[in-house]
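Those sequence lines, one after another, are chains A and B.
Numbering-wise (the working numbering), the first sequence opens with residue 1 and increments by one.
Numbering-wise (the working numbering), the second sequence opens with residue 1 and increments by one.
Please keep in mind that the hints were generated in silico from the structure rather than gathered at the bench.
Where is the CB? At the ideal position from N, CA and C, for every residue including glycine.
Each hint should be verified, as a subset may be incorrect.
Stated by the list, open to error - Computed list of lysine to aspartate or glutamate pairs in EDC-like fashion (alpha-carbon distance at most 16 Å, straight line):
id, chain 1, residue 1, chain 2, residue 2
1, B, K64, B, E471
2, A, K172, B, E50
3, A, K172, B, D90
4, B, K52, B, D3
5, B, K64, B, D3
6, B, K356, B, E147
7, B, K199, A, D121
8, A, K172, A, D27
9, A, K172, A, D121
Said to hold, decoys possible - Simulated DEER-style distance windows between Cβ atoms:
id, chain 1, residue 1, chain 2, residue 2, range
10, B, W406, A, D123, 18 to 28 Å
11, B, F431, A, I73, 50 to 60 Å
12, B, F413, A, V83, 47 to 57 Å
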Amino acid sequence: MRGISFDIAHLLAGSLVLVSFMQLYQDRLYALLNIYALHAFVLAASVAWQAFVQDAPHLYLTAVIALVFKAVIIPTALHRIIVRLGIHREIETVVGVGPAMLLGMGLVALSMVVMLRVTADADPLAREDLAFALSVVLLGLLMMVTRRNAVSQVVGFMSLENGLVLAATGAKGMPLVVEISVAFSVLIAFIVIGIFLFRIRERFDTVDLQALDRFRGERR
Amino acid sequence: MIDALTGVLLVPAAAAVLFAATPGYRVTARLNVVAALLTFLIAASLFVIEPKSGPYLLVDDLNKVFIVLTTFVAFTTSVFSASYIGHEIDIGRLTPTFVRFYHAMYQTLMFAMNLALVANNIGLMWVAIELATLTTVLMVGIYRTHEALEAAWKYFILGSVGIALALFGTILVYMAARPVVGEGLDAMVWTVLVTQAAKFDPALLNVAFVFLLLGYGTKVGLAPLHAWLPDAHAEGPTPISAVLSGLLLNVALYALLRFKMLLALNPAAIAPGPLMVTMGLISCVFAAFMLYRRRDIKRMFAYSSIEHMGIIVFAFGMGGALANFAGLLHMTMHSLTKSAIFFAVGHVAQVKGTQKIADIGGLTVTNPVLGWGLVLGVVAIAGLPPLGIFMSEFLVVSSTFAREPWLATILVFGILVALGGLFLRLNTIAFGEPRGPTAAAEASYVPMFIHLAMVFTAGIYMPPALVTGFENVARLLG
Numbered sequence: 001m002r003g004i005s006f007d008i009a010h011l012l013a014g015s016l017v018l019v020s021f022m023q024l025y026q027d028r029l030y031a032l033l034n035i036y037a038l039h040a041f042v043l044a045a046s047v048a049w050q051a052f053v054q055d056a057p058h059l060y061l062t063a064v065i066a067l068v069f070k071a072v073i074i075p076t077a078l079h080r081i082i083v084r085l086g087i088h089r090e091i092e093t094v095v096g097v098g099p100a101m102l103l104g105m106g107l108v109a110l111s112m113v114v115m116l117r118v119t120a121d122a123d124p125l126a127r128e129d130l131a132f133a134l135s136v137v138l139l140g141l142l143m144m145v146t147r148r149n150a151v152s153q154v155v156g157f158m159s160l161e162n163g164l165v166l167a168a169t170g171a172k173g174m175p176l177v178v179e180i181s182v183a184f185s186v187l188i189a190f191i192v193i194g195i196f197l198f199r200i201r202e203r204f205d206t207v208d209l210q211a212l213d214r215f216r217g218e219r220r
Numbered sequence: 001m002i003d004a005l006t007g008v009l010l011v012p013a014a015a016a017v018l019f020a021a022t023p024g025y026r027v028t029a030r031l032n033v034v035a036a037l038l039t040f041l042i043a044a045s046l047f048v049i050e051p052k053s054g055p056y057l058l059v060d061d062l063n064k065v066f067i068v069l070t071t072f073v074a075f076t077t078s079v080f081s082a083s084y085i086g087h088e089i090d091i092g093r094l095t096p097t098f099v100r101f102y103h104a105m106y107q108t109l110m111f112a113m114n115l116a117l118v119a120n121n122i123g124l125m126w127v128a129i130e131l132a133t134l135t136t137v138l139m140v141g142i143y144r145t146h147e148a149l150e151a152a153w154k155y156f157i158l159g160s161v162g163i164a165l166a167l168f169g170t171i172l173v174y175m176a177a178r179p180v181v182g183e184g185l186d187a188m189v190w191t192v193l194v195t196q197a198a199k200f201d202p203a204l205l206n207v208a209f210v211f212l213l214l215g216y217g218t219k220v221g222l223a224p225l226h227a228w229l230p231d232a233h234a235e236g237p238t239p240i241s242a243v244l245s246g247l248l249l250n251v252a253l254y255a256l257l258r259f260k261m262l263l264a265l266n267p268a269a270i271a272p273g274p275l276m277v278t279m280g281l282i283s284c285v286f287a288a289f290m291l292y293r294r295r296d297i298k299r300m301f302a303y304s305s306i307e308h309m310g311i312i313v314f315a316f317g318m319g320g321a322l323a324n325f326a327g328l329l330h331m332t333m334h335s336l337t338k339s340a341i342f343f344a345v346g347h348v349a350q351v352k353g354t355q356k357i358a359d360i361g362g363l364t365v366t367n368p369v370l371g372w373g374l375v376l377g378v379v380a381i382a383g384l385p386p387l388g389i390f391m392s393e394f395l396v397v398s399s400t401f402a403r404e405p406w407l408a409t410i411l412v413f414g415i416l417v418a419l420g421g422l423f424l425r426l427n428t429i430a431f432g433e434p435r436g437p438t439a440a441a442e443a444s445y446v447p448m449f450i451h452l453a454m455v456f457t458a459g460i461y462m463p464p465a466l467v468t469g470f471e472n473v474a475r476l477l478g
């Protein structure tokens, strides 16, 4: 397994983590969406490479979903929504960029320590992939908690989900990967685009979740 | 080949499609009851003829109990839902289009929960629980008020993070199984995993269980991952609150129990018990204190659900034949009682036109049947003898006292604090000066009293068949 194919898989998974970091410090929504498209593109490349290395043609389907749906359709749709809502270009982060990056590095270190120690016997490709995947998942979570804006929280969730797809494709021969990635796409498409953003806009004239907090049932 | 296992999936799936296509909402409300009854009857037939488990679907003593309980409560809730939704249309809170959507979603949720319970594949089970989350998110937001949207959003975000973590755990379980079982579908099939679990890599299983506990634990509503639960219960339609508390939390718990069984079979893996005991105790005590400052009646009972899920997870975490039996009994009793309470609360909120506790008063005077039904329900949920929950709580506590007296003391403390909180509020709601509108409720009391009668009976007399059934499951859980 060592050799060029391993190196390429390593490179692609590593780039995914790097792009996750790039998302953390974007302070404008447009830029954030572009970086997300890049994230999905890198994921598609990584999945396609796994499909090639593992000789698992069904994974190409997952790669195509990632490429078409996540890297093109979703960012375009979100772009349109942002334009239509006319929302502020600035993203307010709850935590500043510096602390967010430091926290992110801490999380990556954590996932390396946990996963590499645990999977000592597994084959190196799956092992590295899993460690990177957990990093992407945790960085996605971090992004969700450091943002207030509904759109950027959704982007955080989607990059978290990309991490899961990376993990699922890295686990060699895992069945149902395609089904799971479809299920996730349905989840995202259905809820995010179709319903919530429009209704939140309709009701609140903002997608800033802090505005939603005012309507909490208990603080009347 | 259609057997009972595919039946409990096909009926709700077909009904969902049918309801989405049928415009007449009063007809669909009745058909909803018929479909739910049919599903329940098919599920009950599992006790008579047990179909064979395949690579995708499975039936054993454990999930039989869950399936029958789920389909039964789903059936009674559909009866309640018919009268509840009728009222919502009359006052114009829901439009016919939304009701059509609601009924289709109700059956989709039933399909998803049944699928999660019969799935013999950890990936399929995960997909089913995701589908259940999705449908309930949509139903919680159905009123489209500020509060409902916030609740649905919060539920969506926290629920998605939960299932994402659960998926990571699922992938790790596959990774652990792969070297032993081999690549492909077999490494995700329960019945195969269970036979080989002793040879899995324990370190991977440990990490997997932590993710699964956090992921599915979010769906169970364990503190500190419970934040979505009170909002979702308070802002959605009340039948959905009943289904959430009575059923969906159980389904997530079922997933957790399956993985616990897997870990228990591997001697080198960590014992999942202490983790579950800790989270259960925290949830129980935390929720008990939260009961005191509630102003919204549905939120209050949502916190009570967290408390009881805490007790149940605690019992299963302690393990052993007696504690498992108690946990199973408590889960059944809690499902029945809590859904009965939500049936009552739903009608109360409709009569009074509000969910604020401050605006509800003297129910036993203004609406005696409803009021006393609620009183009985709260007495049951607080765990007073001779009702069923007293029985199960007594079993949990007494079996724990023999092994870990300190843990039992904390648990009893939590239960007593919760009892105080519930009665404090019940006093103003049910007795005292009547407040708010006093119109008679157009309610169907039958589901509520059937549940309460069952809980009452279970406290006094348990049919031997039920006891042996539960004992078998308790042994299975180890």
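Legend entry - Those earlier numbered hints the structure runs against, lowest number first: Going through the list in order, the structure violates hints 2, 3, 8 and 10 and respects the others.
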